[in-house]
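Student: For the record, the sequence lines run as chains W and P.
Start counting the first sequence at 44; every next residue gets the next number (the numbering used here).
Start counting the second sequence at 6; every next residue gets the next number (the numbering used here).
Treat the hints loosely; a few may be bogus.
Selected chain P positions facing chain W (Cβ under 7 Å, derived; list incomplete) [claimed, not checked]:
#1 70
#2 73
#3 177
#4 190
Here chain W is said to cover these stretches of chain P; the calculated rule only asks that three of the stretch's residues, wherever they fall, bring their Cβ under 8 Å from a Cβ of chain W [to be verified]:
#5 9 to 18
#6 107 to 116
#7 178 to 189
Each pair of labels, with its calculated beta carbon distance range [as the list claims (entries may be wrong)]:
#8 W:260 to P:17: 55 to 63 Å
#9 W:74 to P:36: 37 to 45 Å
#10 W:126 to P:8: 39 to 47 Å
#11 P:85 to W:52: 15 to 23 Å
#12 P:59 to W:124: 46 to 54 Å
#13 P:221 to W:46: 42 to 50 Å
#14 W:159 to P:12: 56 to 64 Å
#15 P:59 to W:183: 50 to 58 Å
#16 P:17 to W:66: 35 to 43 Å
#17 P:36 to W:156: 47 to 55 Å
#18 P:126 to W:260: 30 to 38 Å
#19 W:152 to P:129: 52 to 60 Å
#20 P:12 to W:47: 44 to 52 Å
Keep in mind that the hints were calculated from the coordinates and are not lab data.
Cβ coordinates follow ideal geometry from the N, Cα and C atoms, glycine included.
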Amino acid sequence: MSWDWDFAISILPRLLSGAVVTVQATLLGSTLAMVLGLAIAILRRTAHRPLRWTIHSIVEFIRRTPLLVQLYFLFYVLPDAGILLSPLTAGVLGIGIHYASYTAEVYRAGIEGVHRGQWDAARACNLRASQTWLHVVLPQAVPPMVPALANYLIVMFKETPLLAAIAVAELMNQGLSVANFHYRYLEPLTMVGLFFVIITVPAMLGARWLEHKVRQTR
Amino acid sequence: MALSIEDWLGYLLLLGRGGMVTVKLTIASCAIGFSLALVIGLCRLSRFAAIRWATTAYVEFFRSTSIYVQLFWVYYVLPLVGVNLSAIEAGILGLSLNTAAYGSELVRAAVQTVPREQHEAGIALNLTRWQRLRHVTLPQSFVVMLPLFNNLSIEVMKLTAIVSLITITELTFQAQIIRVQTGSTAIPYLASLAFYFLFASLIAFGFRTLERRFARGHEGVRG
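Okay, chain P solo, but in the shape it has when bound:
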C-alpha cells in the first residue's frame, strides 16, 4: 500500500501523541513510586518489628510476582471486588506499586551506607530522631541514591511499554495500531525504539546533572 506524505504525517502525529502518554506515565509512576519507596525503605529500618515485617512482606510480594501478572490482576480482578479503575489508573497504580517495591530496596541500601558514627554524632549533638534523619542521614544517602534511581527511572520508562497490553494508548500501542492499519512494520517500531532510546538518554543526562549538583561538598565525606 502506497501512503502519501500526509498519511505519514498523520501517523507520525499519532506516534507523537503516544510518546506524550509514555512521558506522562513515566513521570507519574516515578513520582508516586519514588515517594512511596522512600517511606517504605525507611520503614524497613524501623525500630518496630511489626512495621518492618509489614513492609518486608509488601516488598517481597511485589518482587516475587511478575509485573505483568500484577497489571492484569489490577485491571481485570479488582473490578470484581468493586474497585473500578480506568486503564490509565490501573497502569499507574501497577507501575507505581512495583516501582516502590524495587525503589525501597535502593533507599534501604543507600541509608545503610551512612556510617554508624554519623548516627552517633547526631545523638551526641542531642538532635531529635527527625532532625537526625532530615539533616544527617538523608542528605548523605541521597548522593548514593541518585545513580541508583537513575537506573530505576529508565527501567520504569521501559516498563510503561507493557501497559499497552491493557489498552492504554501510549507509544507502543500506537505503533501496533499503525502496523495493523498500514502493514508497515519497520517504520513504526524503529521510530518508537528511537523515541524510547532518546527519552532514556534524556533521563540519564538529567540524573547525571543532578548527581554532579548534589555531590558538591560531599567529596571529602564519601569516597
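Pulled out of the complex, with its shape left as it was, chain W reads as follows:
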C-alpha cells in the first residue's frame, strides 16, 4: 500500500477540526492542572495533620493509577451518581486532575527552594499568610519552575489522544474514524503523528531555551 496524496488532502479538513479540539482540551486541561496543582502544593503545607495526610493519600492514588481508567471512571461511573459530564468536560477534568498531582510536586520543589529567611522576614514584617504567599513566596518560587511546568504542558498535549476513548472528537478520534470508514490507516495515522511532531518539537526546543534562560538569571 502506498501513500495516496489525494486521500491525504481530502481528509485534512476533518483532521484540522480535530486538531482544534486537541488544542482546546490541552489548554483547558493544563490550566486546571496548573491551578489545582498549586492549590494542592499550598494545602500540603498545612499544619493540620489529618488534612495533610488525606491530601497526600489522594494525590498518591491519582499518581499511581492510569489516566485512562480515571477517564472511564469520570465518564461512566459519575453519571450513575447523577453527575452527567460531556465527553470534553470529563476529558479536561481527567487530564487536569491527573496532572495536578504532578505539577503539585513541581510547585512543592519551587516553594521549598525559597529561603527560610524569606518566611521569617515576612513574619517579622507582620504580613498576613495571604500576603506572604502572594508577595514574598510565590514571586520567588514560580520563575524557576516555569521550564518544568512547560514540560508538563507538552506531556499533557501528548496525552490528549487518550480522550478518543471517551468519544471526544479530538485529532486521534477523527483520524481513527476516517481510517475506519475508508479502511485506510496509513495516511490518517501518519498525519496525526506528524501533527504531534510539528507541535512538540518546537515546543520542546522552547522549553529547553526557557530552562537555559532561567539557569542564566539565577
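Guided by the hints, dock chain P onto chain W, whose structure is given.
Tutor: Just chain P now, with coordinates in the frame of chain W:
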C-alpha cells in the same frame, strides 16, 4: 439487573485474569525497555558523532510523538508493509520502544553525575574502556538510576492500560467488558483502580528495598 454471587465471582475472575496480563505486560516492557535504555543512554555519550546523532534522533522521535499514535501506527500501519504483529506483540513493542526512549535520558543523566575524577582515576589505573564502564561508572550511576527507574516503572505500568485500545485483554479491557455486559460501572472500575494502585505500590516498595541494598557502601561517595 440483579447478579448472583456466582456471577460476581466469575467477573472477579475475569478481572484477575486481566490483572495478570497487565503484570506480564509491565514486566516484559520494563525488561526490554530498560535494557535498550541502558544501551541507548550509553550510546548518547559515545565518542562517535554518528552514534550520538542516531540515538538522539531515536529518543527525540519517540518523545515528540504521542505513545497512543505510535501504538496505533504499529498495530494498523506496520501490517501494510508486511510486518504482521499480534496485538500483544504490537503492545509490547510500542511500550518498550517508548520506555527505552525515556529511560535512556535517565541513564544518560545518571552517568553524567559520576564525577570526572572517577573517570580520570580509571585511566590512571590503566583500566580499559570496558573495565572503567563496568567497575567505575556503572556501579556509581546505578545508585542514582534506581529511584528514577522506580518512577518510570510505575509510568510504564500505567501506560499498559492504553493497550486495551488495541484489543489486548488486560485489566482495563476486562473492566470495559464487565461494564458492557452488566451495566455496572462502579465495581469494575473501582476494582481495577485498586488493582493498579496496589501494583504500583508493590513496584515502589520493591525499588525502595533495592535502593537500600545498593546504597550500602556508597554513602561516603555520593551525598
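Student: Take the hints in turn and mark each one as holding or not.
Tutor: Right, here's what the structure says about each hint:
1. Because the smallest distance between the Cβ of residue 70 of chain P and any Cβ of chain W comes to about 5 Å, under 7 Å, the interface hint for this residue holds.
2. A least Cβ separation of about 4 Å between residue 73 of chain P and chain W falls short of the 7 Å threshold, and the interface hint therefore holds.
3. A least Cβ separation of about 6 Å between residue 177 of chain P and chain W falls short of the 7 Å threshold, and the interface hint therefore holds.
4. A cut of 7 Å between beta carbons decides the hint on residue 190 of chain P: the least distance to chain W is about 4 Å, and the hint holds.
5. Residue count for the stretch 9 to 18 of chain P with a Cβ under 8 Å from a Cβ of chain W: 0. That is fewer than the three needed, and the coverage hint is violated.
6. A stretch counts as covered by a chain when three or more of its residues have a beta carbon under 8 Å from one of that chain; for the stretch 107 to 116 of chain P and chain W the count is 0, and the coverage is violated.
7. Against chain W, the stretch 178 to 189 of chain P contributes 3 residues with a C-beta closer than 8 Å to a partner C-beta. That satisfies the three-residue criterion, and the hint holds.
8. At about 57 Å, the CB distance of residue 260 of chain W to residue 17 of chain P agrees with the hint of 55 to 63 Å.
9. Against the hinted window of 37 to 45 Å, the Cβ-Cβ separation of residue 74 of chain W and residue 36 of chain P comes to about 38 Å, which satisfies the hint.
10. One distance hint, 39 to 47 Å for the beta-carbon pair residue 126 of chain W and residue 8 of chain P, is violated here, with the actual separation near 24 Å.
11. With their beta carbons about 20 Å apart, residue 85 of chain P and residue 52 of chain W fall inside the hinted range of 15 to 23 Å.
12. Checked against the given bound of 46 to 54 Å, the beta carbons of residue 59 of chain P and residue 124 of chain W, roughly 52 Å apart, stay inside it.
13. At about 57 Å, the CB distance of residue 221 of chain P to residue 46 of chain W disagrees with the hint of 42 to 50 Å.
14. Distance hint check for residue 159 of chain W and residue 12 of chain P: the Cβ-Cβ separation is about 60 Å, which falls inside the suggested range of 56 to 64 Å.
15. Checked against the hint of 50 to 58 Å, the pair residue 59 of chain P and residue 183 of chain W fails, with Cβ atoms roughly 42 Å apart.
16. Distance hint check for residue 17 of chain P and residue 66 of chain W: the Cβ-Cβ separation is about 41 Å, which falls inside the suggested range of 35 to 43 Å.
17. At roughly 37 Å, the beta carbons of residue 36 of chain P and residue 156 of chain W sit outside the given window of 47 to 55 Å.
18. Taking 30 to 38 Å as the suggested C-beta distance range, the pair residue 126 of chain P and residue 260 of chain W conforms, at roughly 36 Å.
19. The hinted window of 52 to 60 Å between residue 152 of chain W and residue 129 of chain P is violated, with their beta carbons roughly 38 Å apart.
20. The beta-carbon spacing between residue 12 of chain P and residue 47 of chain W, approximately 49 Å, falls within the hinted interval of 44 to 52 Å.
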